[in-house]
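Asker: Each chain, written out:
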Amino acid sequence: AQSVSQHNHHVILSEAASLELGCNYSYGGTVNLFWYVQYPGQHLQLLLKYFSGDPLVKGIKGFEAEFIKSKFSFNLRKPSVQWSDTAEYFCAVPSSGSARQLTFGSGTQLTVLP
Amino acid sequence: NAGVMQNPRHLVRRRGQEARLRCSPMKGHSHVYWYRQLPEEGLKFMVYLQKENIIDESGMPKERFSAEFPKEGPSILRIQQVVRGDSAAYFCASSPLPGQRGPDTQYFGPGTRLTVL
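Line by line, the protein sequences are chains A and H.
Take any residue in the first sequence, count from 1 to its spot, add 22: that is its number in our numbering.
Take any residue in the second sequence, count from 1 to its spot, add 675: that is its number in our numbering.
Treat the hints with care, since some could be wrong.
Residues on chain H that point at chain A, a partial pick, calculated with CB under 7 Å [to be verified]: (1) Gly717; (2) Leu718; (3) Phe720; (4) Tyr723; (5) Phe740; (6) Asp779; (7) Phe783; (8) Gly784; (9) Pro785; (10) Gly786.
In silico BS3-like pairs for lysine-lysine, Cα to Cα no more than 25 Å straight-line [to be verified]: (11) H:Lys702 / A:Lys71; (12) H:Lys737 / H:Lys726; (13) A:Lys71 / H:Lys719.
Residues from chain H that keep clear of chain A, each with C-beta distances beyond 10 Å, as calculated [unchecked claim]: (14) Pro683; (15) Val687; (16) Glu693; (17) Arg697; (18) Pro736; (19) Glu747; (20) Arg753; (21) Arg759; (22) Ala763; (23) Ser770; (24) Thr790.
Keep in mind that the hints were calculated from the coordinates and are not lab data.
Even for Gly, the Cβ is constructed at its ideal location relative to N, Cα and C.
Bound-form chain A, shown alone (with noise of 0.2 Å):
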């Protein structure tokens, strides 16, 4: 079965500061990837997907993701975040190479201050 992995727990910036947050995956053959935000008191919302071609994924609000492969890699990037941005990020892959249910990391926290 597909795992994610997500490092780091919460992370800290301050407005306009650049962001990366790391995700990593096992190896399960095809690979699809997601990014999920939760904002405080809301719904995941949907940030980017990677099913195959461009490694190099754009996303909305000005994040991006880059897939990878001899890293299993899918590191979330934003080149500068805003106080809006705060809230909470799950990388995700689909449990299996059939499966439709997403395996979900545990989060990262980003708290950015203004």
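With the hints as your guide, set chain H onto chain A.
Answerer: Here is chain H on its own, set in the frame of chain A:
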């Protein structure tokens, strides 16, 4: 175009009572997933359903939990004889029929926060 709807948003139950959580998928979506988020943890898959059919319930506790997605009406996650450990946020997601490339993208509802006293 309404998103995934869940109700109630907050539910308080005493130990031993039953909890019923409802999920209406996005229009045109025929697949429903239930996830549970315990405090300080990520989401854990519970069950995956299509209309009138449970596809995968490998994440459901063996006892007290059940789910259905009838031909008409919302999907329901039912927890009988709740215990304090059932306190969590329960999220529903829906997806359309699978596309030609890649897995489905799941769209999440706002969740139901269950508190067991």
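Asker: For every hint, state whether the structure bears it out.
Answerer: Now the hints, each set against the structure:
no.: 1; hint: Gly717; result: 4 Å, holds
no.: 2; hint: Leu718; result: 4 Å, holds
no.: 3; hint: Phe720; result: 4 Å, holds
no.: 4; hint: Tyr723; result: 5 Å, holds
no.: 5; hint: Phe740; result: 16 Å, violated
no.: 6; hint: Asp779; result: 6 Å, holds
no.: 7; hint: Phe783; result: 4 Å, holds
no.: 8; hint: Gly784; result: 6 Å, holds
no.: 9; hint: Pro785; result: 4 Å, holds
no.: 10; hint: Gly786; result: 6 Å, holds
no.: 11; hint: H:Lys702 / A:Lys71; result: 22 Å, holds
no.: 12; hint: H:Lys737 / H:Lys726; result: 22 Å, holds
no.: 13; hint: A:Lys71 / H:Lys719; result: 19 Å, holds
no.: 14; hint: Pro683; result: 14 Å, holds
no.: 15; hint: Val687; result: 17 Å, holds
no.: 16; hint: Glu693; result: 24 Å, holds
no.: 17; hint: Arg697; result: 15 Å, holds
no.: 18; hint: Pro736; result: 16 Å, holds
no.: 19; hint: Glu747; result: 23 Å, holds
no.: 20; hint: Arg753; result: 19 Å, holds
no.: 21; hint: Arg759; result: 22 Å, holds
no.: 22; hint: Ala763; result: 14 Å, holds
no.: 23; hint: Ser770; result: 7 Å, violated
no.: 24; hint: Thr790; result: 15 Å, holds
The structure is inconsistent with the numbered hints 5 and 23, although it conforms to all the rest.
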